[in-house]
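S.K.: Sequence:
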Amino acid sequence: MGNKRLRAIALPVGTIIFFLAVWQAACMAFAIEEYTLPAPSDIAVKMYEDSAVLWTHVQATFGLALVGLALGTAVGIAVAVLLHLVPPFKTALSPMLVLSQNVPLIALGPLLIIWFGFGTTPKLILLVLVCFFPVALSILVGLGQAEPHLREYLGMIGASRWERFKRLEFPASLTYLFSGLRIAATYVVSSAIVAEWLGAGANTGIGFYLKLKFSGFQQAAVFGSIVCIVVMSLLFFYMVVLAERLVIRWRPRPEPEWKEATS
863 MGNKRLRAIA LPVGTIIFFL AVWQAACMAF AIEEYTLPAP SDIAVKMYED
913 SAVLWTHVQA TFGLALVGLA LGTAVGIAVA VLLHLVPPFK TALSPMLVLS
963 QNVPLIALGP LLIIWFGFGT TPKLILLVLV CFFPVALSIL VGLGQAEPHL
1013 REYLGMIGAS RWERFKRLEF PASLTYLFSG LRIAATYVVS SAIVAEWLGA
1063 GANTGIGFYL KLKFSGFQQA AVFGSIVCIV VMSLLFFYMV VLAERLVIRW
1113 RPRPEPEWKE ATS
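When you line the sequence shown up against our numbering, it's residues 863 to 1125, in that order.
Derived by calculation from the structure, the hints in this document are not laboratory data. Honestly, I wouldn't trust all of these hints.
[Unchecked claim] Here are the simulated EDC-like pairs of lysine to aspartate or glutamate, each with C-alpha atoms no more than 16 Å apart in a straight line: (1) K1075 x E911; (2) K1073 x D904; (3) K1028 x E911; (4) K1075 x D912.
[What the hints assert, rightly or not] The following label-pair restraints were derived from C-beta to C-beta distances: (5) I871 x F951: 45 to 55 Å; (6) A872 x F978: 44 to 54 Å; (7) G876 x F1079: 25 to 35 Å; (8) L1096 x A891: 22 to 32 Å.
Cβ coordinates follow ideal geometry from the N, Cα and C atoms, glycine included.
Put together the whole structure using the sequences plus the hints.
M.R.: Okay, here's the thing in structure tokens:
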């Protein structure tokens, strides 16, 4: 088990190191200019030089993404529960849920600024619209996957519709909920960057920093902001994974390999 876990960590890390080494060697061998493709060492130096400013922008984007994910999750759960408990709403509003995801963010951002002004509100609305759909869709599927025999048994003993939902259907949908959350957590950071890039009342955040450095043709700083975005996206994803492990404790763990081999 220890060797397997070590390989699971060592292989991705080794691949990244190899990729960075090839990148560095190519930039040095072909004398690629920094404004075309900066070497990893140039990116690291620029990130160190801008570390104080970069940290301020990272904090702003992280806080925005965290609030947006929380609000989007709450809205997604509320919408899914409403559609599940009131079937006519599900029939009437399901096309609207799909339609809400087909509006390009680059077109929606300026409209939200016109409607709600500059500030945090248009950015949060944009994030909620991105995050709520995978959560709502996943938990809506999960609510319909409760064990039919248990549902019938609860009906036989006189459990109300709310009791069946609270004691059977919602707990059964938690694994689906976290599946949707993992998707939402993957997209929330990039959506926050788009909101800041579009200028939705943003004078801080990685999106603002990225736009500023891109306009100044500072490619090393642009790549440094991309590194921050990737790290934040991974952090949000593994935060959801950790929360799932803490909340869903009843899920049986996989059998060790030696047990599978002897069975």
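S.K.: Does each hint hold? Answer for all of them.
M.R.: Results of checking the hints against the structure:
Distance check on the hinted pair: K1075 and E911 sit about 14 Å apart at the alpha-carbon level, within 16 Å; holds. At most 16 Å may separate the alpha-carbon atoms for a hinted pair to count; K1073 and D904 exceed this at roughly 19 Å. Of the pairs offered as hints, the one joining K1028 and E911 is violated, with about 53 Å between alpha carbons and a cut-off of 16 Å exceeded. For the hint linking K1075 to D912, the alpha-carbon distance of about 11 Å falls within 16 Å, and the restraint holds.
For the pair I871 and F951, the beta carbons lie near 46 Å from each other, so the given range of 45 to 55 Å is met. Range check, A872 to F978: Cβ separation about 48 Å, and the 44 to 54 Å hint holds. Range check, G876 to F1079: Cβ separation about 34 Å, and the 25 to 35 Å hint holds. Between L1096 and A891 the beta carbons are some 30 Å apart, a value that agrees with the proposed interval 22 to 32 Å.
In this structure, the hints that do not hold are numbers 2, 3, in rising order.
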